[in-house]
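**Q** Spelled out, the chains give:
There are 2 protein chains.
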Amino acid sequence: MIVEVLCVGNELLSGITLNTNAHWIAGQVAKAGGTVSRVTVVRDELGAISDAVKEALLRRPDILVTTGGLGATYDDMTLEGVARALGRKVMLDDTAVEMLKNSYKRRHLHYRINKVRLKMATIPEGSEPIENPVGSAPSVVIEDAGVQVFCVPGVPVEMKAVFKKHILPLVKKGVGSFISKEVNYFVTGVSEGMIAPALVKIVDSNPRDAVYLKTHPRGYYRKTTPRIRVHLVCKGAEEKEVAGMLARISKQILKDISRLGGKVEK
Amino acid sequence: MIVEVLCVGNELLSGITLNTNAHWIAGQVAKAGGTVSRVTVVRDELGAISDAVKEALLRRPDILVTTGGLGATYDDMTLEGVARALGRKVMLDDTAVEMLKNSYKRRHLHYRINKVRLKMATIPEGSEPIENPVGSAPSVVIEDAGVQVFCVPGVPVEMKAVFKKHILPLVKKGVGSFISKEVNYFVTGVSEGMIAPALVKIVDSNPRDAVYLKTHPRGYYRKTTPRIRVHLVCKGAEEKEVAGMLARISKQILKDISRLGGKVEK
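Here the protein sequences come in this chain order: A and B.
Note that the working numbering numbers the first sequence so that position 53 is 53, with each residue one more than the last.
Note that the working numbering numbers the second sequence so that position 158 is 158, with each residue one more than the last.
Simulated from the structure, these hints should not be mistaken for lab results.
Heads up, some of the hints might be wrong.
Copies of the same chain are indistinguishable here, so a pair counts whether it falls within one copy or spans any two.
[Said to hold, decoys possible] Computed cross-link-like contacts, PhoX-like style, restricted to lysine-lysine with a CA-CA straight-line distance of at most 25 Å: (1) 240 x 101; (2) 160 x 255; (3) 223 x 115; (4) 172 x 31; (5) 173 x 105; (6) 255 x 115; (7) 255 x 31.
Make the full structure from the sequences, and use the hints.
**A** This is how it looks when you write it as structure tokens:
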């Protein structure tokens, strides 16, 4: 289950807004056992959005999620960019107009549905609108040659609501049974460089998608004794198999640490 | 002055590490008057890195900055990915080896320069190593058909040190004289949808790169009165011209807000 994320917004490329959306989505997908293969961030420019969508579709992820650019303002152009990438038009969608009206009604907002607001209900031909349970702009989903393209809002609380309800279940269904177990060893006296060959051996002798093994530097004890964290994650479909793999690899790592003169903090 | 950023690391795509590097670089480039056109994040996979570098080079930014994947461990493969994208080999570089030795000496680390550590001094043919003033792994710079490709570490403190010393001066030089002035209006009684047409007019009647005008929702007063922030940035080469533009556009915005029945908070 491969997911790509495309975030749209000048504010993400000018140091104004930290891209917590991509971080949150990546965490949700990883926890469900899926893989975010790439995150792309582009500016509010039609050509840039359309190019990025086209490129992502060529890589054939299972799901492409775009965030941002669904609002009423002149620089919100994600849906037009997606439509262009798919060689389709955007069209005013009656269901999306109803969703927009509902969203105002639900929040007791007395807005007229003017031309500017109708932009939020103007979606790519063949796409399906998804109600925004928090704000106004509907999300949309459209399928292209096996890729489910979801366009969700950039406002985090709106994005999260749509993601949890409509995208996460798809990810979980695609992944199927999924167990993940992990352990961290906080080590003193072994550097990343010292333990690297041993870890390569472990990674090379196990199924690629089942083992995630990485070291992280933690500075130095008394300035010259290296400290690292060794992070091991094992994944699989069966509880017993994953637990067994974690136990076996952990034992090997502890043996290597000891052989290299390192100590594991309790 | 167009800058692209390519961040490498599984931890950035699994919800483990928030991508503050891209955010910080974008802020630095924007403050200097440059433009970050795209940020891409890929996993620690040779093919993914190499593809992303190739694609970025085809877009011909002035500068491409890669972050991460320069360390000694098996999953650090940015330099190999860059080399592959450029159709070059990686080679052990004597200057880089000296830099590595210096970095250990400076920090009183008694490391042997073993095969694993020499990986950090094995850089693309034709590239120039840049000393890491904080950690170990040298950065590199290599030119490809007018694009300056910088590969810097993923550890934020190391990345920032190299960026400030070697990349930011290039951005500033490329931008030349640059003045940016901005103002924010905190408005009550006007929604994004209401003011959108007026803002489109302003943006359309000014030079595209000189004016950044955007609204941000701020919820509702007593649940139904919309509140927004209007953010205006004017940019140019001359102090006087930019100040004049900011004053002229501000006046127009305040007129529009008032016409729409909105109030600006003092």
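**Q** Does each hint hold? Answer for all of them.
**A** We went through each hint and held it up to the structure:
Proximity of residue 240 to residue 101 under the C-alpha cut-off of 25 Å is found in neither arrangement, the shortest distances being 51 Å within a copy and 46 Å between copies. With identical chains, the CA atoms of residue 160 and residue 255 are never at most 25 Å apart, being 43 Å at best within one copy and 37 Å at best between copies. Taking the shortest alpha-carbon separations for residue 223 and residue 115, only the inter-copy value of 24 Å comes in at or below 25 Å, while the best intra-copy value is 65 Å. Only within a single protomer do residue 172 and residue 31 lie at most 25 Å apart by alpha-carbon distance; the minimum there is 10 Å, versus 42 Å between protomers.
Proximity of residue 173 to residue 105 under the C-alpha cut-off of 25 Å is found in neither arrangement, the shortest distances being 34 Å within a copy and 53 Å between copies. Taking the shortest alpha-carbon separations for residue 255 and residue 115, only the inter-copy value of 22 Å comes in at or below 25 Å, while the best intra-copy value is 69 Å. Taking CA atoms no more than 25 Å apart as the test, residue 255 paired with residue 31 passes in neither setting, with 29 Å inside one copy and 50 Å between copies.
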